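The chain contents come next:
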Amino acid sequence: MSTVTRTGTPRAVVTGLGITAPNGLDTEAYWDAVRVGKSGIGRITRFDPSQYPARLAGEVPGFTASEHLPSRLMAQTDHMTRLALVATDWALADAGVVPADLPAYSMGVVTASSSGGFEFGQGELQKLWAEGSQYVSAYQSFAWFYAVNSGQISIRNGMKGPSGVVVSDQAGGLDALAQARRQIRKGTSLVVSGSVDASICPWGWVAQLAGGRLATGDDPDSAYVPFDAAAAGHVPGEGGAILIMEDEAAARERGATVYGHIAGYGSTFDPAPGSGRPPGLRKAIELALTDAGLDAADIDVVFADAAAVPELDRAEAEALNAVFGPRGVPVTAPKTMTGRLYSGAAPLDVATAFLAMREGLVPATVNVEPDPAHQLDLITGQPRVLPVRNALVLARGHGGFNSAAVASAL
Amino acid sequence: MDNNQTFTLESLKRILREGAGADESVDFDGDILDADFEELGYESLAILETCGRIEREYGITLDDSVVSDVRTPRRMVEVVNEHLGQTAPA
Chain A
147 MSTVTRTGTP RAVVTGLGIT APNGLDTEAY WDAVRVGKSG IGRITRFDPS
197 QYPARLAGEV PGFTASEHLP SRLMAQTDHM TRLALVATDW ALADAGVVPA
247 DLPAYSMGVV TASSSGGFEF GQGELQKLWA EGSQYVSAYQ SFAWFYAVNS
297 GQISIRNGMK GPSGVVVSDQ AGGLDALAQA RRQIRKGTSL VVSGSVDASI
347 CPWGWVAQLA GGRLATGDDP DSAYVPFDAA AAGHVPGEGG AILIMEDEAA
397 ARERGATVYG HIAGYGSTFD PAPGSGRPPG LRKAIELALT DAGLDAADID
447 VVFADAAAVP ELDRAEAEAL NAVFGPRGVP VTAPKTMTGR LYSGAAPLDV
497 ATAFLAMREG LVPATVNVEP DPAHQLDLIT GQPRVLPVRN ALVLARGHGG
547 FNSAAVASAL
Chain B
43 MDNNQTFTLE SLKRILREGA GADESVDFDG DILDADFEEL GYESLAILET
93 CGRIEREYGI TLDDSVVSDV RTPRRMVEVV NEHLGQTAPA
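Chains as they are written, first to last, in our numbering: chain A, 147 to 556; chain B, 43 to 132.
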């Protein structure tokens, strides 16, 4: 089998998945839940939400970080970093990679982040204002940074190759995979990528409320309903997926099992409001298809961004219909079972796409009665038995980020 | 302030654990007085955090150079006790 694309560049394959999701802690628990439509959305338990206008979230269940991480790391990490470190451990194990056995400079880390370590930061800022600067942890110096997950993953696993973080809200989850693919094409044999986000704490919550897009209902089964006429904002969630990406030749040399590869990627930025120019999502999709060397007809399923804001749902449906034709491709949004995970959402969708390829089954969009005006073939109710070779994953970020990626079987 | 308070190795171990955790591969019940903090799994940030906690708990001010210059638990215990002696009322 060829190990390069038609344009002669090395392929970036995915060999390991690590999932921490609101409806399943680890890949098998998540897939068991998502394939039967089990949601992880519920009333917030990480703090008392009763005084806030939005009170639902997707929280990762049953995660006791100290069971997985040494106390040296517990003292210096936010919740999102703990989830990311554990997801990385699982992804490396899934890939059969022992980092200590590989050259340090052949491994990099590229994650995304939307808010950094808000819960840790909140605690230290409270100490600053209530008790004084001498009470602020020295670890505040990095524990709340956007880049902290990449840094901690790099340190814990001895990975000294090209590393970084991308910050573009939800779109960042795909932008990170694209950056990881660039590094692999430039010669790094393995990159830990994907993203895990979590900011379900009062400070993070207030910041999200200010965006004006949170669903305010109390019923977990009707709060987040993208593409439904009743769509009225989203429920946030925490978690995401870490993916082990490798140069295909390197992966084959060590006999790795391969889920598939990141075949295409495109990103655009929306024009300024009032410019009269169309939003950039359609162009991002077209760029990703071109990059993958595929036609619209080659795409078997789309994992939608699914903002659940009527105007944004309409824009996404219009972009899909422009590329694929009305009801021209099956569309799904398993994130209706997790809430929107910000930078963690799209890596989880890419992971879900690979799991769907493995089983030939596409998870459904739950709780949604599709608005016929969108003209989408939305997979609702039951998962759909569907052979998947190429899946398109979409992610948009607040402020105009549009990203699209194609995950393909080999 | 209690002018009889002294700072012991046990005090240091407790504060290290509270502020920075403890490397599970190190035997903290063994003879660690003269071990380098790096060998015990503590980088400079952990020592910075530990010094901050000692200052808060004991009401003393350690010189910034302590973080870089004090390399072992024995020396840290000495330095803190020197400060306690200086700041304790006559």
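Accuracy of the hints is not assured; some may be wrong.
Said to hold, decoys possible - In silico SDA-like cross-links for lysine to any residue, where the CA-CA straight-line distance does not exceed 25 Å:
{"no.": "1", "chain 1": "B", "residue 1": "K55", "chain 2": "A", "residue 2": "Q286"}
{"no.": "2", "chain 1": "B", "residue 1": "K55", "chain 2": "A", "residue 2": "D240"}
{"no.": "3", "chain 1": "A", "residue 1": "K273", "chain 2": "B", "residue 2": "L87"}
{"no.": "4", "chain 1": "A", "residue 1": "K429", "chain 2": "A", "residue 2": "S368"}
{"no.": "5", "chain 1": "B", "residue 1": "K55", "chain 2": "B", "residue 2": "V121"}
{"no.": "6", "chain 1": "B", "residue 1": "K55", "chain 2": "A", "residue 2": "K306"}
{"no.": "7", "chain 1": "A", "residue 1": "K306", "chain 2": "A", "residue 2": "D240"}
{"no.": "8", "chain 1": "A", "residue 1": "K273", "chain 2": "B", "residue 2": "S53"}
{"no.": "9", "chain 1": "A", "residue 1": "K332", "chain 2": "B", "residue 2": "G101"}
{"no.": "10", "chain 1": "A", "residue 1": "K306", "chain 2": "B", "residue 2": "L82"}
{"no.": "11", "chain 1": "A", "residue 1": "K273", "chain 2": "B", "residue 2": "V108"}
{"no.": "12", "chain 1": "A", "residue 1": "K273", "chain 2": "B", "residue 2": "R98"}
{"no.": "13", "chain 1": "A", "residue 1": "K273", "chain 2": "B", "residue 2": "F70"}
{"no.": "14", "chain 1": "A", "residue 1": "K306", "chain 2": "B", "residue 2": "E60"}
{"no.": "15", "chain 1": "A", "residue 1": "K306", "chain 2": "A", "residue 2": "Y292"}
{"no.": "16", "chain 1": "B", "residue 1": "K55", "chain 2": "A", "residue 2": "Y292"}
{"no.": "17", "chain 1": "A", "residue 1": "K273", "chain 2": "B", "residue 2": "L82"}
{"no.": "18", "chain 1": "B", "residue 1": "K55", "chain 2": "A", "residue 2": "S217"}
{"no.": "19", "chain 1": "A", "residue 1": "K306", "chain 2": "B", "residue 2": "V108"}
{"no.": "20", "chain 1": "B", "residue 1": "K55", "chain 2": "A", "residue 2": "K429"}
{"no.": "21", "chain 1": "B", "residue 1": "K55", "chain 2": "A", "residue 2": "F470"}
{"no.": "22", "chain 1": "A", "residue 1": "K306", "chain 2": "A", "residue 2": "T362"}
{"no.": "23", "chain 1": "A", "residue 1": "K273", "chain 2": "B", "residue 2": "I74"}
{"no.": "24", "chain 1": "B", "residue 1": "K55", "chain 2": "A", "residue 2": "F288"}
{"no.": "25", "chain 1": "B", "residue 1": "K55", "chain 2": "A", "residue 2": "L215"}
Simulated from the structure, these hints should not be mistaken for lab results.
All figures in this text were calculated on a predicted structure; none of them were measured in a lab.
Hint check, failures only
2, 4, 6, 9, 13, 14, 16, 17, 19, 20, 21, 22 and 23
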